[in-house]
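Q: Sequence:
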Amino acid sequence: MKEIINLPGPSTKLIDSPIPSINDDQVLIKVVVSGSNPKDWKVAELANDPNSFLYSRYSHVRDGVNQGDDIAGVVEKVGKNVVEFKEGDRVAAFHEMLKPGGSYAEYAVAWAHTTFHLPESVSFEEAATIPLAALTAVISLHHHHALPTPWSPPSATTTPTPFVIYGGSTAVGSFAIKLLRASNIHPIIAIAGGGSPYVQSLLDLSKGDTVIDYRNGTDSTIAAIKSLNLNIKNALDTIVDETSAHVLTQVVTPGGQVDHVLPRDPKDLPGLLSTNTWVNAAHEKANGVDDCRDLCFVFCRWFSRALKDGRFKGHPFEVRENGLEGVKGAMKDLMDGKASAVKYVFRIAETPGL
Numbered sequence: 001m002k003e004i005i006n007l008p009g010p011s012t013k014l015i016d017s018p019i020p021s022i023n024d025d026q027v028l029i030k031v032v033v034s035g036s037n038p039k040d041w042k043v044a045e046l047a048n049d050p051n052s053f054l055y056s057r058y059s060h061v062r063d064g065v066n067q068g069d070d071i072a073g074v075v076e077k078v079g080k081n082v083v084e085f086k087e088g089d090r091v092a093a094f095h096e097m098l099k100p101g102g103s104y105a106e107y108a109v110a111w112a113h114t115t116f117h118l119p120e121s122v123s124f125e126e127a128a129t130i131p132l133a134a135l136t137a138v139i140s141l142h143h144h145h146a147l148p149t150p151w152s153p154p155s156a157t158t159t160p161t162p163f164v165i166y167g168g169s170t171a172v173g174s175f176a177i178k179l180l181r182a183s184n185i186h187p188i189i190a191i192a193g194g195g196s197p198y199v200q201s202l203l204d205l206s207k208g209d210t211v212i213d214y215r216n217g218t219d220s221t222i223a224a225i226k227s228l229n230l231n232i233k234n235a236l237d238t239i240v241d242e243t244s245a246h247v248l249t250q251v252v253t254p255g256g257q258v259d260h261v262l263p264r265d266p267k268d269l270p271g272l273l274s275t276n277t278w279v280n281a282a283h284e285k286a287n288g289v290d291d292c293r294d295l296c297f298v299f300c301r302w303f304s305r306a307l308k309d310g311r312f313k314g315h316p317f318e319v320r321e322n323g324l325e326g327v328k329g330a331m332k333d334l335m336d337g338k339a340s341a342v343k344y345v346f347r348i349a350e351t352p353g354l
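First residue of the sequence shown? That's 1 in the UniProt record's numbering, and the numbers climb one at a time after it.
Bear in mind the hints are in silico, worked out from the structure with no lab data behind them.
Be careful, since some hints might not be right.
Unchecked claim - Keeping only pairs whose Cα atoms sit at most 20 Å apart, straight-line, the calculated SDA-like set for lysine to any residue is:
1) Lys267 / Phe53
2) Lys13 / Arg62
3) Lys226 / Thr210
4) Lys99 / Leu46
5) Lys30 / Arg90
6) Lys313 / Val342
7) Lys39 / Leu334
8) Lys207 / Pro150
9) Lys313 / Pro119
10) Lys178 / Ser121
11) Lys99 / Pro8
12) Lys178 / Gly193
13) Lys99 / Asn280
14) Lys207 / Asn184
15) Lys42 / Asp63
16) Lys338 / Glu321
17) Lys2 / Lys99
18) Lys86 / His117
19) Lys308 / Pro150
20) Lys2 / Pro352
21) Lys2 / Ile19
22) Lys13 / Gly353
23) Lys233 / Ala146
24) Lys178 / Gly208
25) Lys39 / Val240
26) Lys313 / Gln200
27) Lys39 / Ser11
28) Lys233 / Asn184
29) Lys99 / Ala286
30) Lys233 / Ile222
31) Lys207 / Ser183
32) Lys42 / Gly9
33) Lys86 / Glu120
34) Lys42 / Pro263
35) Lys313 / Thr149
36) Lys39 / Arg62
Claimed, not checked - Here are the simulated distance ranges between beta carbons:
37) Ser52 / Val289: 17 to 23 Å
38) Ser155 / Thr253: 19 to 25 Å
39) Asn216 / Ser155: 34 to 40 Å
40) Pro254 / Ser11: 42 to 48 Å
These numbers come from a predicted model, not from an experiment.
C-beta atoms are modelled at their ideal positions from N, C-alpha and C, and glycine is treated no differently.
Throw the hints in and build the complete structure from the sequences for me.
A: Listed below in structure tokens is the structure:
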């Protein structure tokens, strides 16, 4: 089969590889569409940067690895312990990061517990936007913040739970908004820039949700949030830079919690509980602490139900040209910050020569 490996630069290489094997608890999927994520180019850079704190951790991927983790396709084969899926099923899945069988290929491997059925109404393109980003939001909201779930939401009379999302138009931020709404968590204060119109469409203004445009300046952002007069104890930072740290330390109540999708030194947020979400907790005990395999198993089943009845949707997407050969250009655009409120996806069959 044809497969892409990601290299620093960012660059890619199209290679011939054997179809991957699966174990008793995994699913082999013929990939129709692969999604992409910013970490796909970042890991290749960090693995080759001696000054990176992740340099030694990523040594095993230094020579390149298929970084694709968002799978949408058709089940080709299942392990003997897999009872929920069969050959021919339309599915989406989260591939275990940095392991063989990534989604930038004709065939990919996923654990059954992070695979979910797709209703006929959901395209493979939409489905490919969901797995990694949505499960990252799941782990942040329902593990680290321990918020109620969509199937057991608080009643309308429950005291409001203000929640700030810095980076509301990112895929993780947008899925977090969708999950918060499904869980009846309001008001949602979403901080965004060019993607603000999309973020606005996700919010429920009748419940106090609002979008704050960070392009008006840091002081304006802080003032706008403070003017809401909310006791904010929970926040998610999907950007993780100096500006986001400054804003969140000013608007989150002392003793409140800020969760991050990238590593953050707790000293950067004095007076707050600073936590980090590692989405690999969907497949293993991340950092020896967070085991979210059961949580992600249940949410993947909920994704199928909620996609079918319209309570949950994927992220806006852009189909890149030339299938797998389009991955390189997409990585460059991700690195350059060109993807605002959009996910890049790749139709494998459009790869020249396939």
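Q: Honestly, which of those hints from before does the structure not fit?
A: none
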